[in-house]
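J.: Positions 55 to 224 (my numbering) are the ones given, in order, by the sequence shown.
A few of these clues could be false.
In silico SDA-like pairs for lysine to any residue, Cα to Cα no more than 25 Å straight-line [as the list claims (entries may be wrong)]:
#1 LYS190 to VAL200
#2 LYS171 to ASP105
#3 LYS171 to SER161
#4 LYS160 to SER73
#5 LYS160 to ALA212
#6 LYS160 to GLY179
#7 LYS160 to ASP105
#8 LYS166 to VAL101
#9 LYS160 to MET87
#10 LYS166 to LEU155
#11 LYS166 to ASP147
#12 LYS166 to ASN94
#13 LYS166 to LEU61
#14 LYS160 to LEU219
#15 LYS160 to PHE141
#16 LYS166 to SER86
#17 LYS160 to LEU222
#18 LYS171 to ASN182
#19 LYS190 to ALA84
#20 LYS190 to ARG201
#21 LYS166 to THR98
#22 LYS171 to LYS190
#23 LYS160 to LEU220
#24 LYS171 to ILE97
#25 LYS160 to MET218
#26 LYS171 to SER158
#27 LYS160 to ALA140
#28 LYS160 to GLN203
#29 LYS190 to GLN203
#30 LYS160 to ILE180
#31 LYS160 to THR98
What follows is a list of derived Cβ distance ranges for each label pair [stated by the list, open to error]:
#32 PRO95 to LEU198: 34 to 42 Å
#33 VAL184 to GLN214: 41 to 49 Å
#34 GLU163 to SER199: 50 to 58 Å
#35 ASP147 to LEU168: 30 to 38 Å
#36 LYS171 to ASN88: 42 to 50 Å
#37 VAL138 to THR176: 28 to 36 Å
These are calculated hints, taken from the structure and not from any lab test.
From the three backbone atoms N, C-alpha and C, an ideal C-beta is built for every residue, glycine too.
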Amino acid sequence: MSEFIVLGNEVRNLSENASFNEQNLLAAGAASMNVLVSDNPSITMTVDAHDLSDGGGIFDAGLPGVLPYADDSVVLTQPDQAMVAAFEASMVDVNSATASLGVSLKSLEVHKVLLSKQRDVTEAGIGNLVDADLGKEAARLQALSVREQLGTRALGVANQAPAMLLSLFR
């Protein structure tokens with residue numbers, strides 16, 4: 055009998071303490087959560103909430119009253135067949151709910167990996183564009199430097215021609 059109550063109490067504690075960022079998808083009255091999966095705000099993924107509270111639809115311990123119990127004194131007799139059947143049916147529903155949450159979690163993890171890889175590829179592409187622009191700019195600066203040197207030499211040659219003519223007349 056005490057194992058029956060301990061299992062029921064554990065499920066109740068699980069549903070009450072399954073909060074993250076003040077969101078609890080397992081509590082009574084929990085709302086499903088829409089998760090943004092794109093830069094477009096209209097593209098979301100829904101993670102369904104599951105009420106795992108005692109008597110909440112999925113989980114019903116089949117015990118009198120509402121969990122948690124401090125001890126098994128509330129049930130004076132061994133659980134009857136109906137209580138055991140209700141508890142077992144609840145466990146099937148709990149397993150189904152946790153499987154559904156597991157699928158949602160896995161989908162979000164796959165999407166997270168995809169977004170991470172997209173970000174890495176985008177950063178690499180931007181880096182390549184920056185490198186290409188820097189290479190283009192370096193080539194342009196080198197060409198300007200060569201033009202300047204050629205211009206200086208041309209002026210030097212042009213300035214030597216009158217000096218050569220004068221040296222012929224001397």
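J.: Each hint: holds or not?
T.: Hint by hint, here is what the structure shows:
1. LYS190 to VAL200: Distance ~15 Å between LYS190 and VAL200 Cα, so the pair holds.
2. LYS171 to ASP105: With a Cα-Cα distance of about 35 Å, the restraint between LYS171 and ASP105 is violated, given a limit of 25 Å.
3. LYS171 to SER161: Judged against 25 Å, a Cα distance of about 16 Å means the pair holds.
4. LYS160 to SER73: holds (18 Å)
5. LYS160 to ALA212: Violated: LYS160 and ALA212 sit about 78 Å apart, past 25 Å.
6. LYS160 to GLY179: violated (29 Å)
7. LYS160 to ASP105: Between LYS160 and ASP105 the Cα gap is close to 21 Å, so the pair holds against 25 Å.
8. LYS166 to VAL101: holds (15 Å)
9. LYS160 to MET87: With a Cα-Cα distance of about 15 Å, the restraint between LYS160 and MET87 holds, given a limit of 25 Å.
10. LYS166 to LEU155: holds (16 Å)
11. LYS166 to ASP147: Violated - the C-alpha atoms of ASP147 and LYS166 are around 29 Å apart, more than 25 Å.
12. LYS166 to ASN94: OK: LYS166 and ASN94 at ~16 Å, within 25 Å.
13. LYS166 to LEU61: With a Cα-Cα distance of about 35 Å, the restraint between LYS166 and LEU61 is violated, given a limit of 25 Å.
14. LYS160 to LEU219: violated (89 Å)
15. LYS160 to PHE141: violated (28 Å)
16. LYS166 to SER86: Cα-Cα ~20 Å, so holds.
17. LYS160 to LEU222: violated (93 Å)
18. LYS171 to ASN182: Between LYS171 and ASN182 the Cα gap is close to 16 Å, so the pair holds against 25 Å.
19. LYS190 to ALA84: violated (58 Å)
20. LYS190 to ARG201: holds (17 Å)
21. LYS166 to THR98: Distance of about 13 Å is within 25 Å: holds.
22. LYS171 to LYS190: Cα-Cα ~28 Å, so violated.
23. LYS160 to LEU220: violated (91 Å)
24. LYS171 to ILE97: holds (19 Å)
25. LYS160 to MET218: violated (87 Å)
26. LYS171 to SER158: The hint holds at about 20 Å.
27. LYS160 to ALA140: violated (30 Å)
28. LYS160 to GLN203: violated (64 Å)
29. LYS190 to GLN203: The given pair, whose Cα atoms are some 20 Å apart, holds under the 25 Å limit.
30. LYS160 to ILE180: violated (30 Å)
31. LYS160 to THR98: The hint holds at about 15 Å.
32. PRO95 to LEU198: 34 to 42 Å: violated (48 Å)
33. VAL184 to GLN214: 41 to 49 Å: holds (45 Å)
34. GLU163 to SER199: 50 to 58 Å: Holds, at about 54 Å.
35. ASP147 to LEU168: 30 to 38 Å: holds (32 Å)
36. LYS171 to ASN88: 42 to 50 Å: violated (24 Å)
37. VAL138 to THR176: 28 to 36 Å: violated (57 Å)
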